[in-house]
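All chains, please: the whole structure from these sequences, using the hints.
Chains as they are written, first to last, in my numbering: chain A, 37 to 488; chain B, 1453 to 1698.
It should be emphasised that the hints constitute simulated quantities derived from the structure, not laboratory data. As the structure is a prediction and not an experimental result, all values here were calculated from the model. Don't take every hint at face value.
To be verified - So the derived list for chain A, only partly shown, Cβ under 7 angstroms to chain B, looks like this: (1) LEU62; (2) ARG153; (3) TYR155.
Stated by the list, open to error - Facing chain B, from chain A, some residues (calculated, C-beta under 8 angstroms): (4) LYS61; (5) GLY89; (6) ASN90; (7) GLU352; (8) GLN353.
As the list claims (entries may be wrong) - Listed next, the in silico DSBU-like pairs over lysine-lysine satisfying Cα-Cα at most 35 angstroms (straight line): (9) LYS1624(B) - LYS417(A); (10) LYS70(A) - LYS1624(B); (11) LYS1566(B) - LYS1540(B); (12) LYS167(A) - LYS1658(B); (13) LYS1658(B) - LYS181(A); (14) LYS1528(B) - LYS415(A); (15) LYS182(A) - LYS1501(B); (16) LYS237(A) - LYS182(A); (17) LYS302(A) - LYS1567(B); (18) LYS1566(B) - LYS398(A); (19) LYS1658(B) - LYS61(A); (20) LYS398(A) - LYS1658(B); (21) LYS1546(B) - LYS417(A); (22) LYS70(A) - LYS1685(B); (23) LYS1624(B) - LYS398(A); (24) LYS1501(B) - LYS1690(B); (25) LYS1624(B) - LYS1567(B); (26) LYS302(A) - LYS1546(B); (27) LYS1566(B) - LYS417(A); (28) LYS1649(B) - LYS61(A); (29) LYS182(A) - LYS123(A); (30) LYS260(A) - LYS229(A); (31) LYS415(A) - LYS1567(B); (32) LYS415(A) - LYS1546(B).
By construction, the Cβ of each residue, glycine as well, lies at the ideal position given by its N, Cα and C atoms.
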Amino acid sequence: MKNNEQMFDFWKLLEYNDSMISQEKLTILTESAKYDVSCSSSGSARKNAGGIGNGYVAGCCHSFTPDGRCISLLKILLSNDCIYDCKYCPNRVSADVPRVSATPEEICELTMDFYKRNYIEGLFLSSAVHKNPDYTMERLVLVVKKLRTEYNFHGYIHLKGIPRADERLCREAAKYADRMSYNMELPSEQSLKLLAPQKSKQSLLLPMRQLTQEKRQFVQDKKKGLIQGHFLPAGQTTQMIVGASPEADGQILRLTQALYRNMDMKRVYYSSYIPVVHDALLPEVGAGQLREHRLYQADWLLRFYGFTVEEIVDEEQNLSLEFDPKCAWALRHMHLFPVEINRADLAQLLRVPGIGVRNAHKILQARRYTRLTFEDLLKMKIALKRAKHFITCDGKYLGAKNDTTVRGLLIAAENGENAVQLDVFGALPKTNEQKIMLSTRQNALMALTGEL
Amino acid sequence: MIYFFEETEDGFLTAFLAAFQDERALFAAENTQLVLGEERVYLQTDSLKAEKARLRLQSFDRECLSDLRLLLRCGKTDRFQVAFGYLKAVANAKAPVRARLADRAVFIAMEYVKKVRYEIHRFHGFIRFMETASGALYAPFSPDNDICDLLVPHFRARLPAYPFVLHDVSRKKAAVYDGEHVFVAPLTQAEVVLSAKENEWQGLWKQYYAAVNIPSRERLKQMRGYMPARYWKFLPEKNENASANR
Ligand code: SF4
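Set out below in structure tokens:
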């Protein structure tokens, strides 16, 4: 197949020419945006209303990069030309890097042409603080408004808000975006002061709160039939960098819980710190991915398992790396176990290590017809490796005889899984993680041979 | 007995009725190895009978026909045998059997259905359109299962103004949306003239793909798990010649 020179359409070329972004610009603006974790395109059922695009409620991955991450959205900055000086950021004002800004047309054309070819599910747009917060936010709003109204684009748009911009701009943006996020970045005011001096907790929480309240109002009004249209159908998310500053997991998760409760956050993302910039104030090594993994596990307990953060971890403590947070909780509460599978209510089932939300419901359903035995659980494909130490089935108990052995076996189970996960993560940088793995494996061995 | 039949839903259902009592029924697919000494029967499609079978099956389980339709799309050569086993289970139970996973026939059938569904979902993401000089979009691909027309509703809903062709190059057929109608047609090789800017946009996409990766976190095994190498041929970001070789 070849390009057909005879088909050369002069007018079409003119129309395209000034708004096709250059490879260099695209590279710089992408490189700067890629450390944002969120790439989810789920949660919006926006319909096509003439024009191009719609939402895909379950989300959709279009490609996967060699780092194992999914490409769902075109993740890009409008500009990397920043007046702020966040220590960990390669685009901070004091860094000597090439500065570029894209025009709104360049971003719009890029989004449309990528979308049309089914490369992406939509746009994830953010920006460095260019000139000043209002100017930057205005430009961002201009892009999303253009996309929706001039280009008739109905695909997914995630917009990262600029702190300290005028609240009217924030409101305007929410009319066009499916999701917005203001990243907490760091889990405490002190760390923000130290590492992101121009941001403050207040400057981040203020617009979040504004959007939360306006969305609640919008939902009410829509129910009453007073208004139509959209207001952030996929809600808000936020992200914290873990390991760049000294906060413990307990503190991070307390913030998380508050965000879910008070701000109706859809997701809180955790991004284990990757050192891109060298600075005396920053650690030289990145945070382990196991820590990030544990934070996500605890996050799930908060959202879907009815746990409160107070049950999971003390404020100054980190999560155990040896056990997943639910196991750790169960081991501290052995007096509540074992529970009888045929009698336990949903809340109790959800607290059994190794039983997830789906399996808990499966059990509730199945036991209406029969008294469940261990064989039945196996037939239902419910893994018992962890669960068996915490349940009885029709009065029978198959777990270990004493708590110490349970501990040892759970560590062994965990290591089996982490071995697989480590493999998945590929070559890990030499962090504490590997040392920890090693030590737990030894612990497990000792436990098995009865020395622990 | 080996059953030969037209590979359509009606053809299959005709054979299903004929074979229902036969404990050793073998359903011939394109390249079935003929078992020596086994009797053969060639069946003429009977749409009336097929319709009767449909109604009867539906009375047992309203959803089983949509399972069947997906099963018949499966790329495995024993799909007809599996579909036969599944419908037989439905007919014998006179009720939905979907959840009876301890029954081997049902289990395999559900696995195949899942495979087809999953591949449809995957290709909602992995389809890559090229823009042709006329503005129509063209996507060659090579799915495991026969799904090109099943992808149409998704793309039609989001790109209503763009005519497009989803070309299953290994089955030599294409699902076509001409801006108004949808149809399936045999298609061996497409004569495609690309738009003036197509290669540049593909270049930008490859550039984007390279730039968004975090090299220090390489996890190739995971990438291959999510996006198996057999799909790469038609992904510009994974294949230097994706546009040139077709
Ligand atoms: S505001 Fe901070 S994190 Fe954002 S681009 Fe500027 S320096 Fe980087």
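Do the hints match the structure? See the list:
no.	hint	verdict
1	LEU62	holds, 6 angstroms
2	ARG153	holds, 5 angstroms
3	TYR155	holds, 5 angstroms
4	LYS61	violated, 10 angstroms
5	GLY89	holds, 5 angstroms
6	ASN90	holds, 5 angstroms
7	GLU352	violated, 30 angstroms
8	GLN353	violated, 27 angstroms
9	LYS1624(B) - LYS417(A)	violated, 40 angstroms
10	LYS70(A) - LYS1624(B)	violated, 39 angstroms
11	LYS1566(B) - LYS1540(B)	holds, 19 angstroms
12	LYS167(A) - LYS1658(B)	holds, 31 angstroms
13	LYS1658(B) - LYS181(A)	holds, 27 angstroms
14	LYS1528(B) - LYS415(A)	holds, 26 angstroms
15	LYS182(A) - LYS1501(B)	violated, 57 angstroms
16	LYS237(A) - LYS182(A)	holds, 31 angstroms
17	LYS302(A) - LYS1567(B)	holds, 30 angstroms
18	LYS1566(B) - LYS398(A)	holds, 19 angstroms
19	LYS1658(B) - LYS61(A)	holds, 14 angstroms
20	LYS398(A) - LYS1658(B)	violated, 44 angstroms
21	LYS1546(B) - LYS417(A)	holds, 26 angstroms
22	LYS70(A) - LYS1685(B)	holds, 26 angstroms
23	LYS1624(B) - LYS398(A)	violated, 43 angstroms
24	LYS1501(B) - LYS1690(B)	violated, 49 angstroms
25	LYS1624(B) - LYS1567(B)	holds, 21 angstroms
26	LYS302(A) - LYS1546(B)	violated, 44 angstroms
27	LYS1566(B) - LYS417(A)	holds, 17 angstroms
28	LYS1649(B) - LYS61(A)	holds, 18 angstroms
29	LYS182(A) - LYS123(A)	holds, 33 angstroms
30	LYS260(A) - LYS229(A)	violated, 44 angstroms
31	LYS415(A) - LYS1567(B)	holds, 21 angstroms
32	LYS415(A) - LYS1546(B)	holds, 23 angstroms
Hint check: violations occur at hints 4, 7, 8, 9, 10, 15, 20, 23, 24, 26, 30; the rest are consistent with the structure.
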